[in-house]
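Asks: So the chains spell out like this:
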Amino acid sequence: MKIVVYGPGCARCHETERVVRHVVEQLGLSPEVQKVTDFRAMAEAGVVATPAVSIDGVLKIAGRIPKSDEVREWLTAS
Amino acid sequence: MLWVGLYAVLQRLAVWLTYGAAGLERGTRLASAVEFFVFEAPKVLLLLVLVVFGVGIVRSFFTPERTRRVLAGRSESVGNVLAALLGIVTPFCSCSAVPLFIGFVTAGVPLGVTFSFLVSAPMVNEVALVLLFGLFGWKVAAIYASTGVLIAVVSGWTIGRLRLERYVEDWVFTTRPAGAGVVEAPLDWATRIEAGWQAMSEIVSKVWPYVLAGIAVGAAIHGYVPENFMASIMGKSAWWSVPLAVVIGIPMYSNAAGIIPVVQALLGKGAALGTVLAFMMAVIGLSLPETIILRRVLKPTLIAVFVGVVGTGILIVGYLFNVLF
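Protein sequences, first through last, are from chains W and H.
Using this note's numbering, the letters of the first sequence map in sequence onto residues -9 to 68.
Using this note's numbering, the letters of the second sequence map in sequence onto residues 1246 to 1570.
Simulated from the structure, these hints should not be mistaken for lab results.
From a predicted model like this one, the values you see are computed outputs, not experimental measurements.
Keep in mind that the hints are not guaranteed to be accurate.
Calculated cross-link-like contacts (lysine-lysine; reagent style DSBU-like; alpha-carbon spacing at most 35 Å) [what the hints assert, rightly or not]:
{"hint": "1", "chain 1": "H", "residue 1": "Lys1451", "chain 2": "W", "residue 2": "Lys57"}
{"hint": "2", "chain 1": "H", "residue 1": "Lys1451", "chain 2": "W", "residue 2": "Lys25"}
{"hint": "3", "chain 1": "H", "residue 1": "Lys1451", "chain 2": "W", "residue 2": "Lys(-8)"}
{"hint": "4", "chain 1": "W", "residue 1": "Lys57", "chain 2": "W", "residue 2": "Lys25"}
{"hint": "5", "chain 1": "W", "residue 1": "Lys25", "chain 2": "H", "residue 2": "Lys1384"}
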């Protein structure tokens, strides 16, 4: 499993990364968590609003900070 | 309920605190400044909480993806107007400006239409709008909103006519975005209210120091700067005051909530409405951090045209209002 957090480095993006990493740790999973700050890579992934999160190449959220429950749902559903 | 009760007793509470509790003498400069601060600070903060919560809920109905779908393939004039209006309600922060720009342009939204959105999104600010309404009444608020939209439409249209596509960084047009962005299930009301709540705690916790600083400056001007002092340097007769206000305002960056108490104090001391409006729009509509981040996708020429065209628009609005009012 590969999780990507997209964000140029604003406070909301850091918060998103923190939430994702926290949930991953809670669930005891060990996926690859990557932070992407490059605008071109963001555009190629179809990200229009930051912060955004994708799991295995599928965008799950864009433009707001996810709640822990949402992240947990994405991770346990797949 | 608590909100309504608090709001209703503010004026009396402020008078009591200033003259009763602190024992300041009526008519002194200090007392006048303190009363201004003690009354305005909670009033503005209360308004802010209510408005940001409401706007947070409204914004949960709009996403950048949806706005992009509406704008893609529009003809220019209609597109400019739509983009300027959607810029008001679509959630947007300056750190999202670049991905949004690329997302719009690669989806076939014309460059000028994209700029109409990018101008109106920060300029017609919901916090500013309601603070203006609360402090000056609906006329000033309406003037601000309609001229903001007008500037966004005309600037975007102008940039579109100038055919500046070659001044966008080349890699932007060769980027092939995957998919249509995120597809979220429709939100239920509990989530929308929570979104409003989240927006409120986030924005209010971020802007309250600016608001208080702004009101403190306002209070100092209110108490200590003589009546009509501003009239000579920011009044109608001083033709150079509008361009000066714009030039000073562009590099300045303040949250809309922080600049309005200053605006209020300046107006109260005889500054002309157009000059003050131009200053405010330059501060919140054009900011140094945003132009720096846009440099990643725009060549310097286009940045300069962007700042120039929008600045000119603000200038014209400033003069117009000084003539009309």
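Asks: Could you run down the list of hints and mark each one as holding or not?
Replies: Comparing the hints with the structure gives:
Restraint check: the Cα-Cα separation between Lys1451/H and Lys57/W comes to about 20 Å, which is no more than 35 Å; the hinted pair holds. Between the alpha carbons of Lys1451/H and Lys25/W the distance comes to roughly 25 Å, so the proposed pair stays at or under 35 Å and holds. Pair hint Lys1451/H plus Lys(-8)/W holds up; C-alpha atoms about 33 Å apart against a cutoff of 35 Å. Among the hinted pairs, Lys57/W with Lys25/W is consistent with the structure: their alpha-carbon atoms are about 18 Å apart, no more than 35 Å.
At most 35 Å may separate the alpha-carbon atoms for a hinted pair to count; Lys25/W and Lys1384/H exceed this at roughly 47 Å.
Violated hints amount to a single one, hint 5; each of the other numbered hints is respected by the structure.
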